[in-house]
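Here is what each chain is made of, one letter per residue.
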Amino acid sequence: MPVARSLATAVATALTTVVTLVAVPPLHAQARPAADTAKRTTPPGLGALSLPNADPFPSTYKAWPAKPTVIRNANILTAAGPVIRNGAILLRDGKIAAVGQTVTATADAVVIDAEGRWVTPGLIDTHSHLGVYPAPGTAAHSDGNEATAPVTAHVWAEHSVWPQDPQFPRVLAGGITAMQILPGSANLIGGRSTVLKPVPSTSVQGMKFPGAKYGLKMACGENPKRVYANRGPATRMANVAGYRNAWIGAERYRRQWDKWLETRQGDPPARDLNNETLAEVLRGNILIHNHCYQADEMQQMIDIAKEFGYSIRSFHHGVEAYKIADVLAAEGISASIWSDWGGFKMESLDGVRGNVGIVHAAGGRAIVHSDDPSYEQRMNQEAAKSIAAAKALGITVSDAEAIKWITIHAAWALGLEDRIGSLEVGKNADVVLWSGHPFSVYTRAERVWIDGALMYDRQDPAKRWKTDFELGYITGGSH
Amino acid sequence: MRRTTLALGALVASLGSALPAQTIAITGGTVYPVSGPKITNGTVIITNGRIAAVGAGLAIPAGATRVDATGKWVTPGLLVAGSTIGLAEAGGPQFSGGYNDSRARGSDGVSASFKAWEGVNPANTFFRKNVQAGVTTIGLTAASGYIGGQAAVLHLTGGTVAEMLVKGSVAMLASLNPGAANTQSRGEMLAKLREVLSDARAYGTRRLQYEAGNTRSFALPRRELEALQPVLAGTMPLIVSVSRASDIRLALGIANEFKLRLVLNEADEGWMVADAIALAGVPVMVGAMNNIPQSFDALNARQDNAALLRKAGVRVVLVNNGPAGADAYNIQNIRQEAGNAVAYGMSWDDALRAITLVPAEVLGVADRVGSLQVGRDGDVVVWDGDPFEFSTLAEQVFIRGVLQTGDSREDALMKRYVTKPAKFLGTP
Numbered sequence: 007m008p009v010a011r012s013l014a015t016a017v018a019t020a021l022t023t024v025v026t027l028v029a030v031p032p033l034h035a036q037a038r039p040a041a042d043t044a045k046r047t048t049p050p051g052l053g054a055l056s057l058p059n060a061d062p063f064p065s066t067y068k069a070w071p072a073k074p075t076v077i078r079n080a081n082i083l084t085a086a087g088p089v090i091r092n093g094a095i096l097l098r099d100g101k102i103a104a105v106g107q108t109v110t111a112t113a114d115a116v117v118i119d120a121e122g123r124w125v126t127p128g129l130i131d132t133h134s135h136l137g138v139y140p141a142p143g144t145a146a147h148s149d150g151n152e153a154t155a156p157v158t159a160h161v162w163a164e165h166s167v168w169p170q171d172p173q174f175p176r177v178l179a180g181g182i183t184a185m186q187i188l189p190g191s192a193n194l195i196g197g198r199s200t201v202l203k204p205v206p207s208t209s210v211q212g213m214k215f216p217g218a219k220y221g222l223k224m225a226c227g228e229n230p231k232r233v234y235a236n237r238g239p240a241t242r243m244a245n246v247a248g249y250r251n252a253w254i255g256a257e258r259y260r261r262q263w264d265k266w267l268e269t270r271q272g273d274p275p276a277r278d279l280n281n282e283t284l285a286e287v288l289r290g291n292i293l294i295h296n297h298c299y300q301a302d303e304m305q306q307m308i309d310i311a312k313e314f315g316y317s318i319r320s321f322h323h324g325v326e327a328y329k330i331a332d333v334l335a336a337e338g339i340s341a342s343i344w345s346d347w348g349g350f351k352m353e354s355l356d357g358v359r360g361n362v363g364i365v366h367a368a369g370g371r372a373i374v375h376s377d378d379p380s381y382e383q384r385m386n387q388e389a390a391k392s393i394a395a396a397k398a399l400g401i402t403v404s405d406a407e408a409i410k411w412i413t414i415h416a417a418w419a420l421g422l423e424d425r426i427g428s429l430e431v432g433k434n435a436d437v438v439l440w441s442g443h444p445f446s447v448y449t450r451a452e453r454v455w456i457d458g459a460l461m462y463d464r465q466d467p468a469k470r471w472k473t474d475f476e477l478g479y480i481t482g483g484s485h
Numbered sequence: 008m009r010r011t012t013l014a015l016g017a018l019v020a021s022l023g024s025a026l027p028a029q030t031i032a033i034t035g036g037t038v039y040p041v042s043g044p045k046i047t048n049g050t051v052i053i054t055n056g057r058i059a060a061v062g063a064g065l066a067i068p069a070g071a072t073r074v075d076a077t078g079k080w081v082t083p084g085l086l087v088a089g090s091t092i093g094l095a096e097a098g099g100p101q102f103s104g105g106y107n108d109s110r111a112r113g114s115d116g117v118s119a120s121f122k123a124w125e126g127v128n129p130a131n132t133f134f135r136k137n138v139q140a141g142v143t144t145i146g147l148t149a150a151s152g153y154i155g156g157q158a159a160v161l162h163l164t165g166g167t168v169a170e171m172l173v174k175g176s177v178a179m180l181a182s183l184n185p186g187a188a189n190t191q192s193r194g195e196m197l198a199k200l201r202e203v204l205s206d207a208r209a210y211g212t213r214r215l216q217y218e219a220g221n222t223r224s225f226a227l228p229r230r231e232l233e234a235l236q237p238v239l240a241g242t243m244p245l246i247v248s249v250s251r252a253s254d255i256r257l258a259l260g261i262a263n264e265f266k267l268r269l270v271l272n273e274a275d276e277g278w279m280v281a282d283a284i285a286l287a288g289v290p291v292m293v294g295a296m297n298n299i300p301q302s303f304d305a306l307n308a309r310q311d312n313a314a315l316l317r318k319a320g321v322r323v324v325l326v327n328n329g330p331a332g333a334d335a336y337n338i339q340n341i342r343q344e345a346g347n348a349v350a351y352g353m354s355w356d357d358a359l360r361a362i363t364l365v366p367a368e369v370l371g372v373a374d375r376v377g378s379l380q381v382g383r384d385g386d387v388v389v390w391d392g393d394p395f396e397f398s399t400l401a402e403q404v405f406i407r408g409v410l411q412t413g414d415s416r417e418d419a420l421m422k423r424y425v426t427k428p429a430k431f432l433g434t435p
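Protein chains in written order, with the working numbering: chain A, 7 to 485; chain B, 8 to 435.
These are calculated hints, taken from the structure and not from any lab test. Please note that a few of the clues may not be correct.
Calculated lysine-lysine pairs in the DSS-like style (CA-CA distance at most 25 angstroms, straight line) [claimed, not checked]:
id	chain 1	residue 1	chain 2	residue 2
1	A	K397	B	K422
2	A	K265	A	K219
3	A	K351	B	K174
4	A	K312	A	K351
Please read all numbers here as calculations on a predicted model, not as lab measurements.
Throw the hints in and build the complete structure from the sequences for me.
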């Protein structure tokens, strides 16, 4: 079911529920003095119930004003087929209206001659901590890890996002048009992620990708057992016990709530933010993003998912994904991995430069991710490294295939593959015009469109967004 | 990794010998000596581990092993001037026998006598993978405290540290970080620094009295006072890590006050004081991909810092200042730094100089490495294209005339698993 329709259903369900509530007030409300009850003039909001697809912090993002735009004479990597040489693309009403060898544009369209430069979909990063670990790095803004308990599914990364993080305009200038902001990896279950667009806003809601599903961050291995060494989990076996205990509680919670939502008889069960998020995973409404380095641990996590009946959407970091490339392909789990990071702790010792290429060759859904605000500005360069590393192993990957690592595959991991990630008619007009070949070290993003609106133009200072923070502090500079 | 080893069997057999008594002729490539203009269809001749001749139309000595570099690019081996490679298998003491060989306890923030290179493990697995990518030489810059220790230049191959070592004690490493000096403020740190430098100077002129116990007490133990002597004499450069524009001016001021040979490192806001740096003749070690205001001391970090410094006439050394691990595991990404420097305004030639000859000059080893000139070590890389491009492979890497072959640990892992996916199991 499309996300938008699910939300509409949820809203309708919730409204019905509100009526029921007013008719049969819950016990605690009945026990209140009459005068107090009389003060209640508005029904509780949607958040008053543990509803599937509840959306208490809805996106307020609106696309920026956009003119119909044609980019002609461009080499286009669509992420949906072979390269289109000397092709054209038409952006209209925030969508891709046409793409091909030629397009028909109306007289009101802005026409850009790309002069043989390259066009790709906007880049997507499945693993970002922008906003939750903003720059400058200060304790006051270090909001990415709720390292106070090993299971914190009740926290949501979006509530930590500082929209004035100066890293947002910098990744936009690198061609990023959507990114998943994740909590850190201190916890077994770290909290909800959110999908944002790098756009100016005074609120995180103004950056939220409308209708995007939430993700849930889980973490394997060294980090949780190190952080909780004194209180547990202190070992990998306790890590696994921790996940399983959490899912056992969540399954009970889901059953109770789903039963109540079906019958609506009597009081609703007590709400619990932690189990609410976990139950949504079990219902298939929240996608699992699992930080996990080692091949052995990834395979254990797959078994845990099967035990409790949920799916893992993406393993993150997975420096040993190449060892189980066939398993990941068969299970349909994407691998959000680095081009060349490894060797920084025991669980990353077996990292190899060919990781992306080997996963790709096995038919897996390989994704180049960043987990770093510097890499995130240069995702095209990271992908280019992985092409070269694959080539050194005898794995030839075409540009048309490699672009998927940083676009449509990432979109799939976020559950947004129907809306972004490739240049196909009807999809959001998230587009990058590059100064050269996107996999050359000398190439920079020239212009970036989000939903058809020109959000960044390297040549036009007026299209170089500065966050509030930067004003008065940052005197010049290039992104 | 697939490496071209055809016609080089004899060389492969010589692996392990530090100075093979033989001649190698690399012919037909476009040679970038760095010390001079590029040579089309050039020849590089290496004899007994050293460069014997570089030029066009050279006669090939009889018995030379020929390396056909037609269509290839030939450069000096790359020199990464800021690295901690070889001191740990991964981050943290547990990966080096319980010790952190990158750190020193020091004496109240001073570790001038700390020679990190003596703790290098020649068997470290990071060396080979980076050699394969064209990095032949590093400046080892592990340090602790505000006067942190001594740098050395090492080759990335050799059975012993002595074999690896190009030159030790090439620079003193420092930082204008009040915390590293166990002080609360810049002002307090500077007072302490002045006392330390003054004491070291006094010690240097009163060694005999000191030995006889006839001097006042000094702020530092003897080993630290002694280690600072070449810095005060201006024979050993002082590499100061500093970011904020005003702190760069402080460093320039201290250097002038004590007549020190200053080198700046990091220098995120260097572009804002580029003219002052150029006027002082101070070289700068800087990354080319740092545009994030990581701290309030680096608010004006910008992508084209390196290019702007160069434009002002500053001698620029490009280093990896990227994500964690960039200075050890991933020093190969020095190529990416250089490419990005070019993308943001530095000339290609300057970028190549910034990862070869300029660091060699700054670290005082230009007579050994950093350029293809007669008498230099035979550190040569044959590339199948532009060395800064991701698609380019370092096909052959020579260190002191020895072709570097053999798998890295990474290669062994990849080879084990790359054969596993025999068929496509699914379609994304």
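### Query
Is A/K351 within 25 angstroms of B/K174, Cα to Cα?
Judged against 25 angstroms, a Cα distance of about 30 angstroms means the pair is violated.
### Query
Are A/K397 and B/K422 close enough, with their CA atoms no more than 25 angstroms apart?
13 angstroms, holds
### Query
Does the alpha-carbon distance linking A/K265 and A/K219 stay inside the 25 angstroms limit?
Roughly 23 angstroms between the alpha carbons, so the hint for A/K265 and A/K219 holds.
### Task
Verify the proposed pairing of A/K312 with A/K351, using a straight-line Cα cut of 25 angstroms.
29 angstroms, violated
Hints 3, 4, counting from the list given before, are not met by this structure.
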